[in-house]
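Trainee: Residues per chain are reported as follows:
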Amino acid sequence: MACKWVCFAFRALPLPAWRTFLLDRHIDHCPRCRGGALDDEAIRSLGVTPADLQNELSLFPPAAGRRLPRRRAIPFDWRYAFGALLAVTLLGALVALFRLTPPEPIAQGTVYVTEGDAHERIFAVIEAQIGGEPARPILFKPGQPGMTIVWFEKTKN
Amino acid sequence: MDERDLIRCAQLGDRDAFAGLVSGHEKKLLALCWNMLGEREEARDAAQEALLQAFENFSRFDAGRSFVKWLLGIGAKRCLDRLRRKRTFLRIFQGHAGEWLGRGEPRPEAVAGSERVGRLLLKLPARERAAISLAVFEDFSAREIAATLGCSENTVRVHLFNARVKLKKEVADGL
Chain A
1 MACKWVCFAF
11 RALPLPAWRT
21 FLLDRHIDHC
31 PRCRGGALDD
41 EAIRSLGVTP
51 ADLQNELSLF
61 PPAAGRRLPR
71 RRAIPFDWRY
81 AFGALLAVTL
91 LGALVALFRL
101 TPPEPIAQGT
111 VYVTEGDAHE
121 RIFAVIEAQI
131 GGEPARPILF
141 KPGQPGMTIV
151 WFEKTKN
Chain B
1001 MDERDLIRCA
1011 QLGDRDAFAG
1021 LVSGHEKKLL
1031 ALCWNMLGER
1041 EEARDAAQEA
1051 LLQAFENFSR
1061 FDAGRSFVKW
1071 LLGIGAKRCL
1081 DRLRRKRTFL
1091 RIFQGHAGEW
1101 LGRGEPRPEA
1111 VAGSERVGRL
1121 LLKLPARERA
1131 AISLAVFEDF
1141 SAREIAATLG
1151 CSENTVRVHL
1161 FNARVKLKKE
1171 VADGL
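Each protein sequence line maps, in turn, to chains A and B.
For the first sequence, position 26 (counting from the first letter as 1) is numbered 26 according to this note's numbering, and the numbering increases by one without interruption.
In this note's numbering, each residue carries its 1-based index in the second sequence increased by 1000.
Pulled out of the complex, with its shape left as it was, chain A reads as follows:
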């Protein structure tokens, strides 16, 4: 019964390491399990052995004139080399440009808004900075009540 389960597990387990564990722990020591496998002597009788090949001609002398088929090498071409160099240079330049460009400064500011309904509310910009320097605030009031659009511009020196 145990052999049946071991054989089932041997077939079902996916990893060779797990199957080898079963070989070590059970199959190699179990006469019943080993009986399901052909022994070396019987396998030898199924194949060719050097003793069967006494009349075969020598292999190396005729082989000496032959050459092994080699993999076809890709021919070197200056145009490809130049193209590859150009592509690498362009890529490098793009990367360098991207890394050297300073990030856009963050706009910061303080606004003051009074309490009240939309018509009475007072909106004032107390302070505005871009990248740590004073900036000019621009306020825009579209027709809709309660809406004020604010943006900042760098002050030109």
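There's no promise every hint is true.
Lysine-lysine pairs mimicking BS3-like chemistry, simulated, CA-CA at most 27 Å apart [stated by the list, open to error]: (1) A:4 - B:1123; (2) A:4 - B:1169; (3) B:1168 - A:4; (4) B:1166 - A:4; (5) B:1166 - B:1077; (6) B:1077 - B:1027; (7) B:1123 - B:1169.
Stretches of chain B that chain A covers, calculated by requiring three or more beta carbons in the stretch to come under 8 Å of a beta carbon on chain A [as the list claims (entries may be wrong)]: (8) 1028-1040; (9) 1160-1166.
Please keep in mind that the hints were generated in silico from the structure rather than gathered at the bench.
Quick caveat: nothing in here was measured; it's all calculated off a predicted structure.
For glycine and all other residues, C-beta sits at the position ideal for the given N, C-alpha and C.
Starting from the known structure of chain A, arrange chain B on it as the hints suggest.
Mentor: Chain B in isolation, oriented as in the chain A frame:
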């Protein structure tokens, strides 16, 4: 000259020394290729390729290793390459392969040799056949087979057991 001297001379490019070195092992190599490929002519081609490859790369051979096992390892790899190419060919040209290869009938001279040989071994998958050929016919250890086939020792042991079980079934069915 003993084998060490032959190896030293062959590593310096002496073709005669290499021929002398392999002369005692050619039959072993051919038997391995025959067991793996199942056909005499193809086995001879594979064995010759293995000998050429061995000769061309002989300067890299480590004299501390067994020469015959190194040579048989090259032979096994050559046979696996051939089996892989054949499988790819048959997969792509499934419908026409029979016509081009003489409707799958073996050549008359091949029948005589391969009738007893290989018929059951050929039913095994290529890697199992390689493992069992190296282990049983050439006395390779699981570690040596693993190094030759480029897989783990555990995989080789599983291949060997599977091959033995399948062969037992085939033999029993054939009786």
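Trainee: Hints first: check each against the structure and report whether it holds.
Mentor: Here is how each hint holds up against the structure:
1. A:4 - B:1123: The hint holds at about 25 Å.
2. A:4 - B:1169: 16 Å, holds
3. B:1168 - A:4: 17 Å, holds
4. B:1166 - A:4: 17 Å, holds
5. B:1166 - B:1077: 23 Å, holds
6. B:1077 - B:1027: 17 Å, holds
7. B:1123 - B:1169: Given pair residue 1123 (chain B), residue 1169 (chain B) holds - Cα atoms ~11 Å apart, limit 27 Å.
8. 1028-1040: Check passed, 6 qualifying residues.
9. 1160-1166: holds (count 3)
Violation of the numbered hints given earlier is absent; every hint is satisfied by the structure.
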